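J.: Sequence:
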Amino acid sequence: MAFSLRRAAMLSVSAALLATVGMNGTAHAGTTGSVSISVPGCIGHLNLSSNWAYGHLDSYTNTCWLTIFDRNDQTGGETSQTISYGAGGSGNTAQFYHDSVVHAVAMAISNGSQNNDTAWYH
Numbered sequence: 241m242a243f244s245l246r247r248a249a250m251l252s253v254s255a256a257l258l259a260t261v262g263m264n265g266t267a268h269a270g271t272t273g274s275v276s277i278s279v280p281g282c283i284g285h286l287n288l289s290s291n292w293a294y295g296h297l298d299s300y301t302n303t304c305w306l307t308i309f310d311r312n313d314q315t316g317g318e319t320s321q322t323i324s325y326g327a328g329g330s331g332n333t334a335q336f337y338h339d340s341v342v343h344a345v346a347m348a349i350s351n352g353s354q355n356n357d358t359a360w361y362h
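Residue numbers for the sequence shown, in our numbering: 241 to 362.
Honestly, the hints are just simulated from the structure, not real lab data. Everything numeric in this text was worked out from a predicted model, so none of it was measured. Mixed in with the good hints, there may be bad ones.
[Stated by the list, open to error] Label-pair restraints from in silico Cβ distances:
no.	residue 1	residue 2	range
1	GLN321	SER278	18 to 24 Å
2	PRO280	THR319	25 to 31 Å
3	THR272	ALA334	16 to 22 Å
4	TYR300	VAL342	33 to 39 Å
5	ALA327	SER290	30 to 36 Å
6	SER276	SER340	17 to 23 Å
C-beta: ideal position from N, C-alpha, C; glycine also.
Based on the provided sequences and hints, a complete structural model is requested.
T.: See below:
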């Protein structure tokens, strides 16, 4: 029963994160470096190299969720990965391909009651 409720909560948070991503701005071409976002108790980092991006989540006082999105601007296809950690946990997502023309990445974070997201980055 607890597993089912936990899974339902994660799916609800993932859906909420997906609904908010992309509303904060337009793509930034040729981006490298790190973009950070936070909500109380949680910090997320989107680490961008020339063609690869991955997310890192630090959870301090809450259970936190971080979702990385990869969008193909030619096909409209989108993939994502969500990771979650309890208080004191941290970790990385898988790597996602991005480039200056077709593939863009974005990230969203949640502590269960507050959400935050980034623009899309090429």
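J.: Against this structure, judge whether each hint is valid.
T.: Verification of the supplied hints:
1. GLN321 - SER278: 18 to 24 Å: Hint holds: Cβ distance 19 Å, inside 18 to 24 Å.
2. PRO280 - THR319: 25 to 31 Å: holds, 28 Å
3. THR272 - ALA334: 16 to 22 Å: holds, 19 Å
4. TYR300 - VAL342: 33 to 39 Å: With a Cβ separation near 36 Å, TYR300 and VAL342 satisfy 33 to 39 Å, so the hint holds.
5. ALA327 - SER290: 30 to 36 Å: At 35 Å between Cβs, range holds.
6. SER276 - SER340: 17 to 23 Å: holds, 22 Å
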